[in-house]
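Trainee: Residue numbers (my numbering), protein chains in the order written: chain A, 504 to 794; chain B, 504 to 794.
Note that these hints are calculated values from the structure, not bench results.
In this text, a Cβ means the ideal position worked out from N, Cα and C, and glycines have one as well.
Be aware that one or more of the hints could be misleading.
[Claimed, not checked] Derived DSS-like pairs: lysine-lysine, alpha-carbon spacing no greater than 30 Å straight-line: (1) A:Lys-752 with A:Lys-769; (2) B:Lys-752 with B:Lys-769; (3) A:Lys-726 with B:Lys-752; (4) B:Lys-769 with A:Lys-769; (5) A:Lys-726 with B:Lys-726; (6) B:Lys-726 with A:Lys-752.
[As the list claims (entries may be wrong)] From chain B, some residues computed to sit far from chain A (all C-beta separations above 12 Å): (7) Val-556; (8) Glu-574; (9) Asn-646; (10) Gly-647; (11) His-659; (12) Gln-661; (13) Leu-662; (14) Ser-676; (15) Gly-722; (16) Ala-743; (17) Pro-779; (18) Gln-785.
2 protein chains.
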Amino acid sequence: MTSANFATDGSRPALAPSDPIGVFDSGVGGLTILHELLVSLPAEDYVYVGDTVHFPYGDRTQDELRQFSLELTDHLLAVGAKLIVVACNSASAAALETLEQHLVEAAPDVAVIGVLRPAAQLAVVSSHSGRIGLLATPATVANGAYERAIAAADSHVQLESVACADLARMIQSGFPFDERVVETVRGYCAPLRAAAVDTVILGSTHYPLCAAMLQRMLGRDVKLVSAGAGVARSVERALAARDLLNPQKTEGTYRFQCTDDAASFKAVGTRFLQMPLGDVEQVRMPVAVAR
Amino acid sequence: MTSANFATDGSRPALAPSDPIGVFDSGVGGLTILHELLVSLPAEDYVYVGDTVHFPYGDRTQDELRQFSLELTDHLLAVGAKLIVVACNSASAAALETLEQHLVEAAPDVAVIGVLRPAAQLAVVSSHSGRIGLLATPATVANGAYERAIAAADSHVQLESVACADLARMIQSGFPFDERVVETVRGYCAPLRAAAVDTVILGSTHYPLCAAMLQRMLGRDVKLVSAGAGVARSVERALAARDLLNPQKTEGTYRFQCTDDAASFKAVGTRFLQMPLGDVEQVRMPVAVAR
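With the sequences and hints as input, model every part of the structure.
Mentor: Laid out in structure tokens, this is it:
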């Protein structure tokens with residue numbers, strides 16, 4: 504017998520509304536998701552872990568992504584997270600089901616929210632023509648998870664997927680943007696223009712940083728959809744259902760951890776968060792346990 | 504007798520849809536307005552002049568602002584602008600009527616659009632409670648132009664104005680934002696929270712760069728209004744009424760001039776535009792003529 508606000512086993516204390524929300528990603532990209540959470544759910548506390556030692560996730564196998572995601576989830580449970588956000592498209596595509604199964608045993612009162620389903624739902628709701636574009640890493644496109652999420656939301660939608668090799672890395676290192684970034688983005692927009700999509704999913708957490716460029720190239724009648732707003736809504740619903748929304752009227756706190764050099768995380772991260780980062784702590788994940 | 508597409512005097516050629524839109528500001532702040540124009544009206548060409556040698560306009564007298572604005576307008580007419588955007592709150596508040604009167608004689612087919620009226624209209628349309636907040640420079644608040652623009656749009660609206668000394672300068676120099684910026688912004692939000700406004704006008708072109716911070720502090724139920732989107736709509740209507748919208752289907756060009764050092768304009772400007780700036784040209788305004 505378990506209940507949301509009581510301990511589910513001998514070792515874990517009961518969750519409380521004042522517990523933090525845990526967020527993880529391979530690096531700084533997920534900070535665009537955290538940015539939305541900070542704006543939409545300001546009363547909450549947050550712990551964000553960037554698994555920078557394994558960056559970029561787009562180059563990892565599905566097995567690796569599942570293993571890293573399990574370790575990061577256990578780490579966030581250990582620091583007392585009341586909910587886990589997988590703020591990464593590659594990890595959401597590869598590992599969300601694994602994490603859900605893991606939590607059923609490890610912490611059944613803790614919900615896990617990925618970025619794919621909220622983004623797919625926002626896109627389907629936005630589209631009039633039923634022609635939706637997807638910009639994502641080659642790994643995310645190859646995985647097919649967005650096609651499945653879109654089909655689950657509406658089987659009549661046609662998805663035009665564009666695998667954007669290197670765009671996330673280019674955005675991460677390429678500030679201020681130069682003409683090379685502009686030309687790269689223009690190339691990725693061409694098939695979406697040809698397909699006359701009316702909605703485009705920004706299927707990497709890095710891409711909101713070139714949203715203005717994309718909007719200009721695609722035309723303002725095309726709706727750009729990124730997961731952030733949808734994730735924030737999903738998180739709010741999940742917490743509300745468990746009576747775990749933080750009721751305080753003041754702003755909560757947020758803190759950062761990463762698995763590689765903290766200074767470089769901080770230097771790049773500020774641009775993604777658009778708010779001060781404060782101190783960043785380097786942490787080590789526990790040695791992977793075979794599961 | 505004059506008509507929109509024919510020469511209005513001996514010296515000026517007729518305007519054409521392919522002519523650029525001229526945009527001016529005291530510096531880089533107006534790039535947040537240009538940003539909106541580039542996204543909303545991508546087919547247009549743009550010439551942007553930052554009057555950096557006179558920055559910041561917030562410290563100038565009303566007479567100075569009128570004189571600078573006349574010089575910049577004449578400069579933009581000389582480079583063939585088909586429409587002038589005053590992408591600056593201080594200059595719009597002080598000089599818009601002067602510019603309108605000047606253009607009646609100098610170039611009656613050229614419209615001039617300021618930032619105050621579009622922002623005030625967006626705010627009035629957004630508000631349910633009739634309590635609107637204004638964050639602006641001390642000069643803009645003292646001028647009272649926003650109160651007049653709001654009253655003209657709806658006399659039942661109550662405006663809570665907060666003069667934000669130094670915030671624009673802090674944003675311009677303060678990247679990445681530190682805790683000092685956060686605390687400053689928090690202080691300016693306090694009277695708006697106390698007044699329970701449901702809409703806040705970002706009354707300086709710099710402030711959109713801390714919109715996320717403001718949204719988090721004010722709460723997501725408060726609508727933040729910046730002039731950009733309204734200005735783009737005003738520009739579009741003004742051009743459409745004169746048959747001067749550029750009909751091309753590809754993206755137009757944009758270029759930059761400033762009246763002080765070009766390198767520092769470029770260094771700071773990229774952050775405001777969120778797109779590549781390309782080359783920046785230093786120009787001199789003609790010697791002021793007494794009018």
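Trainee: Against this structure, judge whether each hint is valid.
Mentor: Consistency of the hints with the structure:
1. This hinted pair checks out: Lys-752 of chain A and Lys-769 of chain A have alpha carbons roughly 28 Å apart, not beyond 30 Å.
2. Taking the CA atoms of Lys-752 of chain B and Lys-769 of chain B, the gap is near 28 Å; set against the 30 Å cutoff, the hint holds.
3. With a CA separation close to 18 Å, the supplied pair Lys-726 of chain A and Lys-752 of chain B stays within the 30 Å bound.
4. For the hint pairing Lys-769 of chain B with Lys-769 of chain A, the CA-to-CA distance comes to about 24 Å; that is within 30 Å, so the pair holds.
5. Of the pairs offered as hints, the one joining Lys-726 of chain A and Lys-726 of chain B holds, with about 20 Å between alpha carbons and a cut-off of 30 Å not exceeded.
6. Under the criterion of a C-alpha separation no larger than 30 Å, the hint pairing Lys-726 of chain B with Lys-752 of chain A is consistent with the structure, at around 18 Å.
7. Residue-level check passed: Val-556 of chain B sits 23 Å from the nearest beta carbon of chain A, beyond 12 Å.
8. Against the 12 Å criterion, Glu-574 of chain B stays outside the reach of chain A, whose nearest CB is about 30 Å from its own CB.
9. With a least beta-carbon separation of about 30 Å from chain A, Asn-646 of chain B lies farther than 12 Å from that chain, consistent with its non-interface assignment.
10. At roughly 32 Å, the least C-beta separation between Gly-647 of chain B and chain A is larger than 12 Å, which holds for a residue marked as non-interface.
11. At the 12 Å boundary, the C-beta of His-659 of chain B stays outside the reach of chain A, the nearest C-beta of that chain being 29 Å off.
12. With a least CB separation of 23 Å from chain A, Gln-661 of chain B remains clear of the 12 Å interface cut-off, as annotated.
13. Against chain A, the non-interface label of Leu-662 of chain B holds: every CB pair exceeds 12 Å, the least being about 24 Å.
14. Every C-beta of chain A lies more than 12 Å from that of Ser-676 of chain B, the closest at about 15 Å, which supports listing it as non-interface.
15. With a minimum CB-CB distance of about 7 Å to chain A, Gly-722 of chain B fails to clear the 12 Å threshold, and the non-interface call is violated.
16. Its beta-carbon lying about 15 Å from the closest one in chain A, Ala-743 of chain B satisfies the requirement of being farther than 12 Å from that chain.
17. The claim that Pro-779 of chain B is not at the interface with chain A is violated, since a C-beta of that chain comes within 12 Å of its own (minimum 5 Å).
18. With a closest Cβ-Cβ approach of about 19 Å to chain A, Gln-785 of chain B is found to remain outside the 12 Å limit, as its non-interface label requires.
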